[in-house]
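Spelled out from the first residue to the last, the chains are:
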Amino acid sequence: MKRQKKRKPTQSNILMDKINGVNMNICGNREVIFEGSRGIVEYNENSIKINTGKYIVAFSGRGLHIRCMNEFSLVIAGFITSIEYIM
Amino acid sequence: MLIVKLLRWIFGYFDFEIKGRFPERFLNLAIRNGLNLWNMKGEKEELHATAKIADKNTAELFAHKTESELIIEKEHGLPHLCRVYKSRLGLLAGLIIGVALCCWLSGFIWNIEVNVPPELNEYEIRTRLRELGFYEGVRYDSDSIDNIKRKMKLSDERISWISINIFGTNAVVELSPKISADNDQNNDDKKVTVSNLKSTADGTITKINVHNGTAMVEIGDGVRKGQLLVSGIMEYNDGTNVMADSEGTVYAKTSRSVTLSVPKKYNQPIASDDYVYKREFSFFGISFPITLCGNPMGEYYKKEYRLKPTLFGNALPISITEEKWQGYDTEKLTLSTDEAKKLLNNRLKLYEMFMLYSDDRTIISKKTKFEEKDNMYYLTVGYEVEENICEKSYIQVKE
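Keeping their order, the protein sequence lines are chains A and B. Quick note on our numbering: the first sequence kicks off at 121 and runs consecutively. Quick note on our numbering: the second sequence kicks off at 5 and runs consecutively.
Please keep in mind that the hints were generated in silico from the structure rather than gathered at the bench. Backbone N, C-alpha and C define an ideal beta-carbon position, used for all residues, glycine too.
Derived SDA-like pairs: lysine to any residue, alpha-carbon spacing no greater than 20 Å straight-line:
1) Lys45/B <-> Asn166/A
2) Lys370/B <-> Thr263/B
3) Lys174/A <-> Asn32/B
4) Lys169/A <-> His52/B
5) Lys56/B <-> His80/B
6) Lys169/A <-> Arg36/B
7) Lys169/A <-> Gly24/B
8) Lys23/B <-> Glu165/A
9) Lys373/B <-> Val385/B
10) Lys169/A <-> Arg25/B
11) Lys56/B <-> Cys188/A
12) Lys48/B <-> Gly183/A
What the simulated footprint calls covered on chain B by chain A, stretch by stretch (three residues with Cβ under 8 Å from a Cβ of chain A suffice, anywhere in the stretch; the number is not a length):
13) 22-36
14) 47-55
In isolation and in its complexed conformation, chain A is listed as follows:
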């Protein structure tokens, strides 16, 4: 029987599980470091929507752009006016 690989229970993993796999670090209204992304649903200057699996997080504002990203996390920069959870 194939042995299932167990995830190491680090402090950040425990925290990620508690918050349903999403972690956002918001710096004022200019930058958001987003962890737990499953894909981008919408991307333009005024709106960025990110799929997290259970819900979609929508950022609205002006001059929004993704500064850098990888498979699970990204950095959103710009003038953020609202953050919305779409269930």
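Based on these hints, arrange chain B on the given structure of chain A.
Coordinates of chain B only, in the frame set by chain A:
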């Protein structure tokens, strides 16, 4: 960040635009498959981004999969430049030759700076260095430089130390003159050495002021040049001797005379209007004459000017040398008695100013005699002066 930019430029990158109904799909697919994108700007049904040149085909494939259109806006970086200038082989050859030339020329000395102390002459040093094979345009070789340093020290006794420092293609020559043992003794060991005071001239003692040592003469005594005035060996009543560094002043009335002469007839050089200019252009140590004329024959003065341009404080291996040869004629002149008197009096003033006047010397009387003899004018002056006639004479003491 600078290194990242540099690496991106070396490997090459391209700006592109994704057009389609859902450009976000392209973005998700690219990120999941490890396609590195940056400068992403999203607009309605459009996405602008930048990626590596190596990922161009992958990006096109993803665009096809997501039913979007990929439009390449601009390419940047070294691979792009190579492709653009691929057909211009001359540029590549020029680049290679330029780099090779720079590497080759950096092995030569193109500028020599000589820092000489006042005791030595820069022109002499430069000439000597040239004779030994160290000049502008010579190939740098550390062994030969060591040899040159050694030979310079051996050839000139005045040099005690020489250093040749190479900074790129510039050489800085530093020299230090020899200091004689006498000077050294005078400067450093004044207080610890034993010395006497001796007379520098014949005369009659008028004043004695001894700070240290034993006076061997009295006021009114007549002394001869070289006679002992103050002894450094002091004897006490108990018979013991102490050796000391004698100090003091001994004034004496002395007489001295000077004879100045000037010929009745003499040759005076007078500059003529005959000028010859020679110009030379030196490039990387090789000289090219600009003017087509040789050295003029006859009586000429030569003046040499050298123009050496600098860039950011560094001398360039280019120079222009101009030689100005000015001809002169000699004219036979005859001096009258008045002119000769005037000339000799002026010379006498200079003599007194530089040779006679001193803080510890007073002129008591002066007798002058002017005479004309054998086509010469003579001015003989006899002085009676009161002066300090002391001179230190060191005694070598061996323990």
